[in-house]
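K.L.:
Listed below are the residues making up each chain.
There are 2 protein chains.
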Amino acid sequence: MSQTSRLFSFVAGSAGPWLVADSRPIAGPPLAAAPRLAVAAGNVVAPESGAVWVLRGIVSHERYVTRPEKQQLVAASPALGRPEATCAALIPIRKNAAWWAMTQDERRRIFEEESHHTAIGLDYLPAIARRLHHCRDLGEPEPFDFLTWFEFAPADTPAFDRLLARLRASREWTFVERETEIRLVRA
Amino acid sequence: MSQTSRLFSFVAGSAGPWLVADSRPIAGPPLAAAPRLAVAAGNVVAPESGAVWVLRGIVSHERYVTRPEKQQLVAASPALGRPEATCAALIPIRKNAAWWAMTQDERRRIFEEESHHTAIGLDYLPAIARRLHHCRDLGEPEPFDFLTWFEFAPADTPAFDRLLARLRASREWTFVERETEIRLVRA
Chain A
1 MSQTSRLFSF VAGSAGPWLV ADSRPIAGPP LAAAPRLAVA AGNVVAPESG
51 AVWVLRGIVS HERYVTRPEK QQLVAASPAL GRPEATCAAL IPIRKNAAWW
101 AMTQDERRRI FEEESHHTAI GLDYLPAIAR RLHHCRDLGE PEPFDFLTWF
151 EFAPADTPAF DRLLARLRAS REWTFVERET EIRLVRA
Chain B
1 MSQTSRLFSF VAGSAGPWLV ADSRPIAGPP LAAAPRLAVA AGNVVAPESG
51 AVWVLRGIVS HERYVTRPEK QQLVAASPAL GRPEATCAAL IPIRKNAAWW
101 AMTQDERRRI FEEESHHTAI GLDYLPAIAR RLHHCRDLGE PEPFDFLTWF
151 EFAPADTPAF DRLLARLRAS REWTFVERET EIRLVRA
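Residue numbers (my numbering), protein chains in the order written: chain A, 1 to 187; chain B, 1 to 187.
Worth double-checking, as some hints may not be accurate.
You can't tell identical chains apart in this list, so a pair holds if it fits in one copy or across any two.
Stated by the list, open to error - Straight-line C-alpha distance at most 25 angstroms; calculated SDA-like pairs for lysine to any residue:
#: 1; residue 1: Lys70; residue 2: Ala27
#: 2; residue 1: Lys70; residue 2: Ala97
#: 3; residue 1: Lys70; residue 2: Ala21
#: 4; residue 1: Lys70; residue 2: Arg171
Calculated from the structure, these hints are not laboratory results.
Model the full assembly from the supplied sequences, consistent with the hints where possible.
P.N.:
Below, the structure written as structure tokens:
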């Protein structure tokens, strides 16, 4: 994928196929309320679109998984856009300076050996589709480091709740300084 | 450092404190010729600046070094802007799809255990100052993945030549699909 086609804009406002069912700050300041959300390929500029806010992120190579972990993820991960996946969540996260001051091996140790981030995620496949977007190195200032987009069927909502609870109980999450949870349903 | 203050633009044209002494493609197509180069903080837009070309990159956390390697690098690395460092080089690099399809542990193995990238760099400290900029995930399409900026005294030019030769002989460099070497002297 080219750089442009890897970039996505999450546009909150009065348009878009996703209705905001709930938006709550988990850590740090909340995002402004909006009734709908659109996920757009490429860069959407807020003033032109009339959006309440726009968050941008780029799909990139994985930073932590090993080859066996990646093979497990790829084999079990569903595509986005399944007809039955009428629930979605957007979870923007910012990690603190202590996280980014660590070296790769230190971050990997906390991410997987201590927090089992990938292993926990695998427990909820193939029910919960997921796409991770990176914002930290976009060039233009962004309020978050990561945007994770999830899609699942309504019946899998309790499983999704458990996924979030397990990740938030991990040591990795002690480095999260801002997090908002936006739950959506397809209009 | 904020996202904005980590972003730098390398502006080739008729202005700037660095005279282009040589610009040669090592792999892939060359960059257009220009007499001078400026290194500007933030985002410089080419049409407005009258530049021949602009390359942008963002300073970010290290992707491969371990804590002991980072400590060695930090202890030995000189600052940019030393008065005696009147020579500089800008080396933009793009790695191929096979590199980016590898997992982190696979890339680390080639980067350090096989290619000794950090160990080779340490051999030329504190003579050669270096700043790495990432372009791959900037959001706007960029022709390279990395821009590395080097500064050194004229007497250290042979050492810099050896540094480049050793890195280019490494297995890591078999994944480099585009590289240009721009040598500069302070005007």
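K.L.:
Now tell me if each hint is right for this structure.
P.N.:
Going down the list of hints, with the structure as the test:
1. Lys70 with Ala27: Result: close neither inside a copy nor across copies, 29 angstroms intra and 31 angstroms inter.
2. Lys70 with Ala97: Close across copies (17 angstroms), not inside one copy (27 angstroms); limit 25 angstroms.
3. Lys70 with Ala21: neither (32 angstroms within a copy, 45 angstroms between copies)
4. Lys70 with Arg171: For Lys70 and Arg171, the Cα distance is within 25 angstroms both inside one copy (22 angstroms) and across copies (23 angstroms).
When held up to the earlier numbered hints, the structure conflicts with 1 and 3 and fits the remainder.
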